[in-house]
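Novice: Chain by chain, the residues:
2 protein chains.
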Amino acid sequence: MRHDKEYTKILSLFHFLGPAIDAILADRYPTMKISSVKTFLLNLQQKLITAIEKLDEKKFLQDTWDRAQGGGGITSVVEGGSVIERGGINFSHILGKNLPPAASDGRPHIVGSNFEAMGISVVLHPQNPFIPTVHMNIRFFVAKSKSKIRDWWFGGGIDLTPYYGIDGDIKNFHRTLKESLDPFGSHYYPQFKEQCDEYFFIKHRNEARGVGGVFFDDLSTPDFQTCFAISKSVGLSFLPAYIPIVKQRKDTNYGKRERDFQLYRRGRYVEFNLVHDRGTLFGLQTQGRIESILMSMPPTAKWKYSWQPDKDSPEHELTDKYLVPRDWASE
Amino acid sequence: MRHDKEYTKILSLFHFLGPAIDAILADRYPTMKISSVKTFLLNLQQKLITAIEKLDEKKFLQDTWDRAQGGGGITSVVEGGSVIERGGINFSHILGKNLPPAASDGRPHIVGSNFEAMGISVVLHPQNPFIPTVHMNIRFFVAKSKSKIRDWWFGGGIDLTPYYGIDGDIKNFHRTLKESLDPFGSHYYPQFKEQCDEYFFIKHRNEARGVGGVFFDDLSTPDFQTCFAISKSVGLSFLPAYIPIVKQRKDTNYGKRERDFQLYRRGRYVEFNLVHDRGTLFGLQTQGRIESILMSMPPTAKWKYSWQPDKDSPEHELTDKYLVPRDWASE
Numbered sequence: 001m002r003h004d005k006e007y008t009k010i011l012s013l014f015h016f017l018g019p020a021i022d023a024i025l026a027d028r029y030p031t032m033k034i035s036s037v038k039t040f041l042l043n044l045q046q047k048l049i050t051a052i053e054k055l056d057e058k059k060f061l062q063d064t065w066d067r068a069q070g071g072g073g074i075t076s077v078v079e080g081g082s083v084i085e086r087g088g089i090n091f092s093h094i095l096g097k098n099l100p101p102a103a104s105d106g107r108p109h110i111v112g113s114n115f116e117a118m119g120i121s122v123v124l125h126p127q128n129p130f131i132p133t134v135h136m137n138i139r140f141f142v143a144k145s146k147s148k149i150r151d152w153w154f155g156g157g158i159d160l161t162p163y164y165g166i167d168g169d170i171k172n173f174h175r176t177l178k179e180s181l182d183p184f185g186s187h188y189y190p191q192f193k194e195q196c197d198e199y200f201f202i203k204h205r206n207e208a209r210g211v212g213g214v215f216f217d218d219l220s221t222p223d224f225q226t227c228f229a230i231s232k233s234v235g236l237s238f239l240p241a242y243i244p245i246v247k248q249r250k251d252t253n254y255g256k257r258e259r260d261f262q263l264y265r266r267g268r269y270v271e272f273n274l275v276h277d278r279g280t281l282f283g284l285q286t287q288g289r290i291e292s293i294l295m296s297m298p299p300t301a302k303w304k305y306s307w308q309p310d311k312d313s314p315e316h317e318l319t320d321k322y323l324v325p326r327d328w329a330s331e
Numbered sequence: 332m333r334h335d336k337e338y339t340k341i342l343s344l345f346h347f348l349g350p351a352i353d354a355i356l357a358d359r360y361p362t363m364k365i366s367s368v369k370t371f372l373l374n375l376q377q378k379l380i381t382a383i384e385k386l387d388e389k390k391f392l393q394d395t396w397d398r399a400q401g402g403g404g405i406t407s408v409v410e411g412g413s414v415i416e417r418g419g420i421n422f423s424h425i426l427g428k429n430l431p432p433a434a435s436d437g438r439p440h441i442v443g444s445n446f447e448a449m450g451i452s453v454v455l456h457p458q459n460p461f462i463p464t465v466h467m468n469i470r471f472f473v474a475k476s477k478s479k480i481r482d483w484w485f486g487g488g489i490d491l492t493p494y495y496g497i498d499g500d501i502k503n504f505h506r507t508l509k510e511s512l513d514p515f516g517s518h519y520y521p522q523f524k525e526q527c528d529e530y531f532f533i534k535h536r537n538e539a540r541g542v543g544g545v546f547f548d549d550l551s552t553p554d555f556q557t558c559f560a561i562s563k564s565v566g567l568s569f570l571p572a573y574i575p576i577v578k579q580r581k582d583t584n585y586g587k588r589e590r591d592f593q594l595y596r597r598g599r600y601v602e603f604n605l606v607h608d609r610g611t612l613f614g615l616q617t618q619g620r621i622e623s624i625l626m627s628m629p630p631t632a633k634w635k636y637s638w639q640p641d642k643d644s645p646e647h648e649l650t651d652k653y654l655v656p657r658d659w660a661s662e
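Sequence lines, in order, name chains A and B.
In terms of the numbering used here, the numbers along the first sequence are unbroken and rise by one, the last being 331.
In terms of the numbering used here, the numbers along the second sequence are unbroken and rise by one, the last being 662.
So here's chain A without its partners, still in its complex pose (with noise of 0.2 Å):
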């Protein structure tokens, strides 16, 4: 009976401090402004279309659409380019109400919450097949109790799916990756790389699709100001571990044999995204904008039936030595 008494007691106490614990949480997050990430996001995009454009004879074409429900995007895709066969840089920044629970991720505190999210989405296929086909994600997701922020956190990474296995390139990409984070601490980099290799291996084929690189999701401590530089981090070395690789080798001779393995293995590419992706399903059942979110997509892809490389054939190699998780960066 004490006990119930008590409870009654904090409860009321609880309704009547209600708004000024609002007030406390809101001011967990004094320098926290959602600005600020857009202004990042959108800043990065315009400069890895820059960049990209300065290495192709071809533009990107800039889509800017508005969501009915809120929000909205720039969409930003090439396709035909001398060096990028087809690929986008995306923007993107969603308003909703009433968050799902599946959508909340764990958090029940969270259900029913407006919310925003908003990100960059980048997939460049090249044209030739001894440059790997890339990925990066940076994505800011806040929920909100009318106005006041309720909960938020980071995700995203970049991740590389080469063709043609070439250790150099591969251990550039992955360091890197690592000197990005090893800043904030030498645990991020192990623990990113590992969440990498889970999150892009394609089940019905035991295999993995790519060489992985660094995936982090819900990252929402120690605190903002953290959490968004590392994102910062991992977003801004975007070109510096790729843009080498491409140089270096875009003008690489290569024949029909190289191209059809490229366009068999870009198959893989779109199992994995249209039977695994989450971001890509989400996108699809929940009436995105479908060609950005379908940007991923490969110009043209190949499927054959059975297909077996020849032993000690690079192509062979790569399931055999590169599709394995490896410790790429200290290697």
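Source of the hints: derived by calculation from the structure; they are not laboratory data.
Incorrect hints may appear among the rest.
DSS-like mimics (lysine-lysine), calculated; alpha carbons at most 27 Å apart, straight line [said to hold, decoys possible]:
hint	chain 1	residue 1	chain 2	residue 2
1	B	Lys635	A	Lys47
2	B	Lys563	A	Lys256
3	B	Lys534	A	Lys97
Pulled a few chain A residues facing chain B out of the computed Cβ check, cut under 7 Å [unchecked claim]:
hint	residue
4	Leu274
5	Val275
6	Thr300
A few chain B residues that don't get close to chain A, going by computed Cβ distances all over 10 Å [claimed, not checked]:
hint	residue
7	Thr381
8	Lys385
9	Gly437
10	His535
11	Asp549
12	Lys563
13	Arg590
14	Val601
15	Gln618
16	Asp643
17	Ala660
Glycine included, C-beta positions come from ideal geometry on N, C-alpha and C.
Fit chain B to the supplied structure of chain A, relying on the hints for placement.
Specialist: Quick look at chain B alone, frame taken from chain A:
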């Protein structure tokens, strides 16, 4: 009180009669032979392979496989034919234990049963863009408790996915399917046709996959003989429905424009099969034989950002006039 007593009496009577009821249930299908369905499907598979081989200079490759958990199949694939660019005519027979609730199709009494599932699946992707892609599936499912049959049903259908709409071809196709069903009752064709339009719909594109055909599932009334006869009739209508189109269109001239459009539309086929098709997803999730399941993939597919055909072009007509439900059989 009286009610409870009576209820207990009925229950004990039920427990007492249980084995007898089982025997009666099994007696409901005195003439049901699972092996006769298997024989039909295996014969149909060879009949179709022979017929397609006669049109093409290429032979099908036949792969017989066993499944560690019970059952197996014959996967039969052609690639690079002059008529069929890639296609499969597959038979499989799967034995399983402990049917999961998800696969019991709203039949709680068969959860945990042993089961047998057998079927033939056909997908043909022709070379010539004026020949539509075709798909057929005939399947038979049996749930058993010990060796007694507890439930069973047939499912399947045939549907057509043209790249260029040709009214006469589509009308003849639908009429042939209608004729295969009309002897069993005039309600079958309209009902199965509607189910086909509903099932083969690419939700994320808000667009039909093709011009439909017939599709049925859970077919278990009025009795085994009739359901088997209906399934047989649909299966046997495949050649008369499709072969005349192939013969008529296989030498039609086409150029880069038609080929490009075919490859672009095949991207939609990939999207439907990997995102929406229940059979494909069930197969991938249950570690089915991947290369047999994915024989439905086209040999090559393309994606182009926000591509729209010119107004009044045949490519525009496809979505406008053909990928909409129409009463093809009586037009």
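Novice: It remains to establish, for every hint, whether it holds in the given structure.
Specialist: For each hint, the structure was consulted:
1. B:Lys635 <-> A:Lys47: holds, 24 Å
2. B:Lys563 <-> A:Lys256: violated, 45 Å
3. B:Lys534 <-> A:Lys97: holds, 23 Å
4. Leu274: This interface hint holds because 4 Å falls under the 7 Å limit.
5. Val275: holds, 5 Å
6. Thr300: Hint holds; Thr300 of chain A Cβ to chain B Cβ min 5 Å, cut 7 Å.
7. Thr381: The claim holds: Thr381 of chain B sits with its nearest Cβ about 20 Å from chain A, beyond 10 Å.
8. Lys385: Non-interface label on Lys385 of chain B holds, nearest chain A Cβ at 21 Å vs cutoff 10 Å.
9. Gly437: holds, 22 Å
10. His535: Check fails; 4 Å does not lie beyond 10 Å.
11. Asp549: Holds: least Cβ distance 25 Å, greater than 10 Å.
12. Lys563: About 28 Å separates Lys563 of chain B from the closest Cβ of chain A, which puts it past 10 Å; holds.
13. Arg590: Holds: least Cβ distance 12 Å, greater than 10 Å.
14. Val601: violated, 6 Å
15. Gln618: violated, 8 Å
16. Asp643: holds, 23 Å
17. Ala660: holds, 32 Å
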